[in-house]
Amino acid sequence: MTIQQPNSFRTGPDEHGRFGNFGGRFVAETLMPLILDLEKAYTDARRDPAFQREMDGHLKTFVGRPSPLYFAERMTAHLGGAKIYFKREELNHTGAHKVNNVLGQIMLARRMGKKRIIAETGAGMHGVATATLCARFGLDCIVYMGAVDVARQEPNVFRMKMLGAEVRPVQSGTRTLKDAMNEALRDWVTNVADTFYCIGTVAGPHPYPMMVRDFQSIIGQETRVQMQEAEGRLPDSLVACIGGGSNAMGLFHPFLDDRQVEIYGVEAAGHGLTGLHAASIAGGRPGVLHGNRTYLLMNEDGQIQDAHSISAGLDYPGIGPEHAWLHDVGRVNFLSATDDEAVAALQLCSRLEGIIPALESAHALAQVEKIAPQKPKDHLMVVNISGRGDKDLASVAQYLAERA
Amino acid sequence: MTRIDTTFASLKSQGRAGLVTFVMAGDPDHETSAAIIAALPGAGADVIELGMPFTDPMADGPAIQAAGLRALKAGATLRQTLELVRGFRNTNGTTPIVLMGYYNPIYVYGVEKFLVDAKDAGVDGLIVVDLPPEEDAELCLPALKAGLNFIRLATPTTDDKRLPAVLANTSGFVYYVSITGITGSAAPDTNKVAAAVARIKRHTQLPVAVGFGVRRAEQARDFGAAADAVVVGSALVDTVRAHLTADGAPGPETVPAVAALVTDLAAGVKAARSK
Ligand SMILES: Cc1ncc(COP(=O)(O)O)c(C=O)c1O
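The listed protein sequences correspond, in order, to chains A and B.
Note that our numbering gives residue 316 to position 316 of the first sequence, counting from 1, and the numbers run on in steps of one.
Note that our numbering gives residue 1226 to position 226 of the second sequence, counting from 1, and the numbers run on in steps of one.
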């Protein structure tokens, strides 16, 4: 299949919420009027300078932006190739990039007069960010989390409760992120009048993939400016991990039309691409789930398959529709990293840089270890450190103990 | 005229409401499911809704989720769902069958091939929960072209401004979801339902079936007084579940228990207009 390259990669989605053939609004009729309302409210807010001004203020004083662009000197020396920079999203309040998006959506919820916020979470970082902003603005917060994830991300469960949120463990299906999303959608269908669904990644029905991308694009916008300041030019390559794809899209989107910039998204290869994994581009096919058409892990009959990753935040059988399109048109290169590679990268980064990255971000670092040595010394590479690893220490300790 | 049109015309001439029964294809296994479906018309079902199992039924409550998972565990596929319909049609040429479910299995099967195979198997209509009118080009328009009814859900959030768009490409009947919520939730009071049905009827000539939350004969009777048909689903799949052995196998009571509930509900529906 040859697909015509567009004049710009940054014009999507179209009025139907499509990125090429991906995206759309595949939701039950009960929700359709709600997502049309949301789209309208977002379109209004986006054009309102007061909304942007208020958001900038919170991003600065509450989130702590801009996050630094940091030269990873010892990792650069160790790998012996590209000059590696970290975009330090792990320094944001709550410890990950998730808060950028949540702030935007919570401000929108306030604008729409919604007082009850629901969210799904995998690793718990999106849940923690949502609980945090609900506390900050005095809103009710209910977080759906797969029972499997509740067990493996216990510190985050406690954080959410501390912040006043109710965490509802989800026992249906595979009891991970996809089931948490099903349950959040079921809640939303039931509580239509007062509830705002705060989705944690660039997936779901239109306008979510676009809206979450826009709120996360501050990552790439800052990176452009910061790299200009540091090196007087744009980076040569970008690397980010992909769960649903929000930290990656936030970094990538402002660079999509700078065609000389190489872009790499890293999916979770779990036990390896021939075993259980969560790499929907590498191992999936186009299908429809959670409101959008995208690449999905599924069987011959269109039944969604279990994903696996050591990292709860990447343990999802789909990927945001804009990534699916960027894959098909060849603008973004999708690679993957296994559980083993991610844990090794987490250890290496901790020892070389004094930064313990989240297991999710460690997937990106695992590919940096492979790509950077092949690049010349003047190649500028930016890797998104989407979150910090505190939440993962118990999982990593257990993983290492099992292999010792 | 499809079998659905014929059935509703006949109900109208009899002056009574119809009973639409939802069961999950392949639950608890292929053979038992075939026997359940075969027993439905004799027990009083006017229309059969056959659930297409899906791993991630985002609009369904625990009862129908569990029914779908039972079916999948027993090896159900979309192909086998069509086989169930084909088998039913060997002995029944009149009772309409509507397939109900989610888009992904159909999309993966291939829309064109699915429509040909469904029509050929004897399917009359489709209800696909996650295809609102905004996505009509996907399946609704091709289905209408293929001669299948495409039945749309209208809900309490579908206001007067939106109703015409929802009804535009709907055929066969309109399915009014009586609550905002998932399948298996509690039913609302009858007055609300009657008002909602009247509102929909101001916009369309099509029959209106009402569902979500109907479990007992008295409710079926009350809803049947307001609507052209009453849909029962969770109560039936719960009955299947309640008559399985501890390890999930069907027993001698599985089929008769479902049939008995349908008989009871049908009596309720038939009593609706004779009060
Ligand atoms: C630190 C971190 N990075 C990445 C992800 C993956 O999500 P996304 O692909 O949307 O950035 C998560 C999700 O929980 C996360 O917590």
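If you are wondering where the hints come from, they were derived from the structure by calculation, not from laboratory data.
Wrong hints could be hidden among the right ones.
[Claimed, not checked] Below, in silico cross-link-like pairs of lysine-lysine (BS3-like), each with a Cα-Cα straight-line distance of 25 Å or less:
1) B:Lys-1161 x B:Lys-1201
2) A:Lys-114 x B:Lys-1145
3) B:Lys-1113 x B:Lys-1161
4) A:Lys-40 x B:Lys-1012
5) B:Lys-1192 x B:Lys-1145
6) A:Lys-161 x A:Lys-114
All figures in this text were calculated on a predicted structure; none of them were measured in a lab.
Verification of the supplied hints:
{"no.": "1", "hint": "B:Lys-1161 x B:Lys-1201", "result": "holds, 14 Å"}
{"no.": "2", "hint": "A:Lys-114 x B:Lys-1145", "result": "violated, 42 Å"}
{"no.": "3", "hint": "B:Lys-1113 x B:Lys-1161", "result": "violated, 35 Å"}
{"no.": "4", "hint": "A:Lys-40 x B:Lys-1012", "result": "violated, 42 Å"}
{"no.": "5", "hint": "B:Lys-1192 x B:Lys-1145", "result": "violated, 35 Å"}
{"no.": "6", "hint": "A:Lys-161 x A:Lys-114", "result": "holds, 21 Å"}
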